[in-house]
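Enquirer: Letter by letter, the chains look like this.
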Amino acid sequence: MTLRDLKVRRVITKALLYAVMIVVAIYTVGPFVWAISTAFKGPGENVYAFPPRILPEEPTLSNFVTAWQRVPYFGQYFINSLLIAGGSILINIGASSMAGYALARLQFPGRSLAFWIILSTMMIPFQVVMIPLFLVVLQLGLLNTHLGVILPTAVTAFSIFLFRQAFLKLPKELEDAARIDGCSEWGIYWRIMLPLTKPTIATMVIFTFVSSWGEFLWPLIVLRSPRMYTVAVGLAYLQSQFSANLRWIMAGSVLATVPVLIVFLAFQRYFIEGATAGALKG
Amino acid sequence: MEPHPQQRVRTAPRAGQARPARRTACRRAAVGWSFLAPAFLLILLFHLIPAAYAIILSFTEYDSISAPEFIGFANFRALMKDRLFVNALKNTLFYLLVTPVLLVVSLLVAVLVNRRMLGVSFFRVAYYLPVVTPAVATAIVWSFIFRSPNGLLNQFLQQLPFVDGPIHFLTSSSLALPSVMSVEMWKGIGYYMVIFLAGLQAIPSELRDAAVVDGANAVQEFFYVTLPQLWPSITFVAIVSSMAALRAFDLPYIMTGGGPGHASETVVMRIYTEAFERLNIGYAAAEGVILFLITLGLSYVNMRMLERRDMT
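Chains as they are written, first to last, in the working numbering: chain E, 19 to 300; chain U, 8 to 319.
There may be inaccurate statements among the hints.
If you want a taste of the chain U side facing chain E, the calculated C-beta under 7 Å gives, among others [unchecked claim]:
no.	residue
1	Ala36
2	Gly39
3	Phe42
4	Phe53
5	Tyr60
6	Ala133
7	Pro137
8	Thr140
9	Ser155
10	Pro156
11	Pro235
12	Ala251
13	Arg254
14	Ala282
15	Ala291
16	Phe299
No wet-lab data here; the hints were simulated from the structure.
These figures come from a predicted structure and were not determined experimentally.
All C-beta atoms in this analysis are idealised placements derived from N, C-alpha and C, irrespective of residue type, glycine included.
Taking the hints into account, I'd like the entire structure generated from these sequences.
Expert: Dropping the structure here:
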């Protein structure tokens, strides 16, 4: 084989690789492109035409406006979802980081027992406990409240575990120095150690945001009045009401997806880190 | 699962401190547990107690109005004869086929993008996009793609010479479940790809170099070097994706509503209907307990596979 043959072979391999990557990308991104383009299409356009036109002939925002107006409280759904995501993030970061800190850096009786109890809850599927959970939420008077959606799903064994791993990595000298300087236990956690776990905090914030935003089954069970619905539950309602109007439903779906897409595209790096942090525990 | 804490950090009293040991121990316990308390209480109240409660409820007849009545194994006996539950159980077990397909596809995609090429990180992001998209939006868009006769996919298939007539992806009892499962796969590829990418990048390059020096070709290198090294990632993906498959609800609920008939109804959909629409709470709890046992069994099998591989 001559040098030129090798070069040609390399170019062909590369072209083939790109071709495969592009095909896979069309498969994963195509539905987004189609949904967005349909959402912008005017009433005179055939949305079922084939091949589908990517650029709308008569681009319009009217589908978004109609979806927003026709669905009662559509704007309210966004506020509700943001409130629930915000509450989940605060509780998750606060409680999980404190627990992770205790499990990683403090010595106290019952610690390993507590750790194993927490880990064992990873094996319990949420769908199995949702019935008693509903009864607990009912007993606490949290039915049809946002707190009722937030509290049961906010803290998970997984987030405690991630924080524990992050705190385990920090050098002990820091802690010792702070203790010699007379720092309180709380001060060591809050002022010295917690700020050093910023990457984990960032990862947890965006993961909690995305999962809370997409959550469907539990809000569907807890939230009874349309005013309280989250975007996901409201979108399902939109689809059941206007199943004939493809443009409106696509507009609603696009609106519901935009917040997570923004967060994802802005913080991609952390998604990769967060996903692998889970795998490395294996 | 994680081995025990590798690094134990001690907060032993330093020399020169004359405090009685007992008081220090008490203080340590108080500090430790006060840090642990908020999360631990939430876990206790919303995970552990409900889990125990679910098991108790499964032995009762309960309609949420009158007090639960203990009926022994009657729910479980009834479930074995409940055609709808058995059907849902079959569907959920069939749904598990998503796992091997996802394993292979996402591993191939990870290998594809695990190289230094211009624009490769763009493709990684593109493949991850479905993962973050809300399941409800995903389900809605795909149900329009699958729609018959004029959905996007049918329009495309109609151009092909060997396809006659629209295919009823979501409205025929044989295709509804596989169609939903294909969307589950679409949504999962990116996540598992990232896990495999991390696994691939953790393989020491000396191993591959050695294989190349020994004259292994790309395929041999993949099967004899890469794959064995990836075993932990494979097990992780198998566990996580099979647990996700057993919990399937959002996609079938929106895309088919379990239909046509009950052809694509999963166990979690059954639990939802029994508990929250028909208020057969004890009965639904028993369905949940069966699902839990299946989850445990499957995780056990997966873990054993990991252990066996470690020894060889």
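Enquirer: Could you tell me which of the hints above the structure violates, numbers in ascending order?
Expert: The structure conflicts with hints 9, 10, 11, 12, although it agrees with all the remaining ones.
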